[in-house]
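Q: Top line first, the protein sequences correspond to chains A and B. Quick note: the first sequence, position 222, residue 294 per my numbering, numbers continuous. Quick note: the second sequence, position 62, residue 63 per my numbering, numbers continuous.
None of these hints come from the bench; they were simulated from the model. Be a bit skeptical, because a hint or two may be false.
Stated by the list, open to error - Once the Cα atoms are required to be at most 20 Å apart in a straight line, the calculated EDC-like pairs of lysine to aspartate or glutamate come out as:
1) Lys71(B) to Asp320(A)
2) Lys91(B) to Asp269(A)
3) Lys265(A) to Asp90(B)
4) Lys71(B) to Glu97(A)
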Amino acid sequence: MPKVFPALLNFFKRSPEPHNSQRTEQLTKANEAIYKQNVELAIRNKTLSVLRNLSEITMKTTGVQEVTQHIVDIISHELNLAGALICLVDPKAHVLKIGAITQTPKIKDSFSQVGKPLDEVAISLDDTSNLAINAMNDKEQKITGNLLDLLTPAADQIAADAIERVTGIKTIIIYPLFFAERALGVLCLGLAKSVEDLSRTEKETLHEVINVVSIAIDRAELMENINKTNKDLEKANEKLELLDKLKDEFVSVASHELRTPMTAIKSYVWLALNGRGGSIDQKAREYLIRVYNSIERLIHLVNEMLDISRIESGRVTLNRTQFDMKKLIDDAMREFQAKATELYLSLSFECPEALPSVYADREKIYQVLENLVGNACKFTNSGGRITITAKVVGDIIEVSVADTGKGIKKEDMSKLFVKFSRLEHSLVTIAGSGSGLGLYIFRQYVELHGGKIWATSEEGKGSVFTFTLPVAKAI
Amino acid sequence: MITNTTLKEIAKTIILHQQMIIGPLAIEQANKVPGISVSDKPTLTLEIKTDDSRKTLDLLIKRYEELFGKTSIEVCKDALKEARIQISDKDIPEILK
């Protein structure tokens with residue numbers, strides 16, 4: 073309250089003389105002006121207090137049912153209503169249902185007149201005999217002195233009159249609730265007086281409250297949907313994890329079960345080819361060689377499947393040691409050279425004098441290199457060239473295997489390093505019945521070491537496959 | 002016929018509403034109306050000790066009007082609207098009609 077009021081009153085006490093009447097009049101007018109401002113402030117204060125209570129509750133509460141119940145409770149209490157009700161749209165069922173109602177004994181007892189539990193009351197969104205539906209359709213407030221206008225067809229006039237008698241409701245104001253053009257439902261306020269008997273504070277507070285109610289309900293619905301989606305996603309994730317685990321187990325078991333008999337078959341075929349079962353004629357030898365090669369390919373495939381299973385279940389163990397990358401490549405060259413010569417290919421290794429050490433699983437890196445050189449040999453015609461280069465770039469070692477082979481089509485580049493992907497038919501024919509797993513596996517090995525692997529190619533001119541490894545000091 | 006109890010309830014409501022606008026001045030001015038005794042500690046309590054409660058209520062409303070003008074009458078009217086006091090139109094003080 074402004075301090076001017078006591079001062080003014082003291083002035084009145086001290087100065088009753090007529091010659092002060094003009095000043096008195098001026099002060100009285102000032103007094104009245106200040107009083108008017110205070111009235112506006114008091115109304116605003118009351119409105120803001122209600123809005124703050126609503127906001128606090130809705131921020132702390134989740135769940136549409138809880139939020140709507142809090143709203144009707146707060147509004148009923150703050151505005152001294154006979155009752156309040158929120159009905160919400162159920163878009164799937166195309167009905168309006170009771171979301172929350174003031175929980176006073178009078179309301180609870182009187183609404184039993186409806187004849188069924190309130191959560192079973194549903195008004196079709198097409199039923200224009202109901203004033204709440206009309207309020208939503210017209211997007212405007214409706215006022216009625218007859219509760220039946222709100223309850224029809226869920227209740228009859230006798231029930232409506234009984235409820236009005238018990239609760240003292242004389243007027244019902246129905247506010248449609250919208251958020252971003254979406255109809256949420258209606259807020260219904262039961263007054264024990266007519267609308268004309270609403271005070272300024274009550275009118276202004278109601279006007280402000282509607283928007284907040286709409287926002288609160290929309291937010292609660294959104295949170296409910298998010299929570300439900302999260303739960304669904306969690307369930308789906310659990311199922312996927314289980315399926316993944318089952319798949320890995322299956323691959324692992326199947327691969328082991330397959331490998332054992334295939335190894336046995338390979339062993340016996342080898343024995344037969346080497347005369348351990350007696351001599352065999354040329355034709356039989358030919359057939360047995362084909363069997364032997366096929367078994368080898370099958371065993372290779374099963375091993376790749378096992379590798380994939382281990383990688384994807386995180387069971388790959390890296391036996392890291394510090395070693396000289398140049399020496400590894402030199403050692404590999406001795407092995408690759410024989411094969412390259414056999415295919416009339418030129419194989420060379422270019423490298424600076426010294427390469428720093430790497431800290432890696434030597435066997436796996438050797439396999440990567442072996443695979444890349446092997447592919448280069450497969451896809452390069454006789455007379456072609458394969459070059460291995462190694463260099464230091466910052467704190468990584470970059471190893472490339474370049475060939476002058478057929479190259480890879482642009483549209484096939486994205487299929488490299490991907491599980492089970494196969495390139496164009498002609499390349500597959502050259503490669504034999506490849507599993508499409510090799511490059512994927514070796515990409516995993518390189519990436520497990522903190523490196524990268526990629527390829528560049530030009531159709532008809534050749535390809536370059538490159539992988540990197542961090543140098544030992546950088547780890 | 003309006004009872005003294007109802008008139009006392011109306012007076013209390015009016016003082017409460019005036020208190021929201023002018024603070025302790027509302028109590029101070031109410032206590033200057035003959036027959037009215039008000040205290041707001043700890044909560045608002047009101048006693049009307051006169052033969053004519055209706056006249057005392059009118060004096061209270063007029064007191065506020067003298068100090069703060071017609072707006073204070075509107076505040077008194079709103080106070081009556083907000084209070085859930087069962088009162089017929091003919092029993093509403095003339096000054097608040």
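Q: With reference to the structure, classify each hint as holding or not holding.
A: Evaluated hints:
1. Lys71(B) to Asp320(A): The given pair, whose Cα atoms are some 86 Å apart, is violated under the 20 Å limit.
2. Lys91(B) to Asp269(A): Satisfied, since the Cα-Cα distance of roughly 15 Å is no more than 20 Å.
3. Lys265(A) to Asp90(B): Holds, at roughly 12 Å.
4. Lys71(B) to Glu97(A): Roughly 15 Å between the alpha carbons, so the hint for Lys71(B) and Glu97(A) holds.
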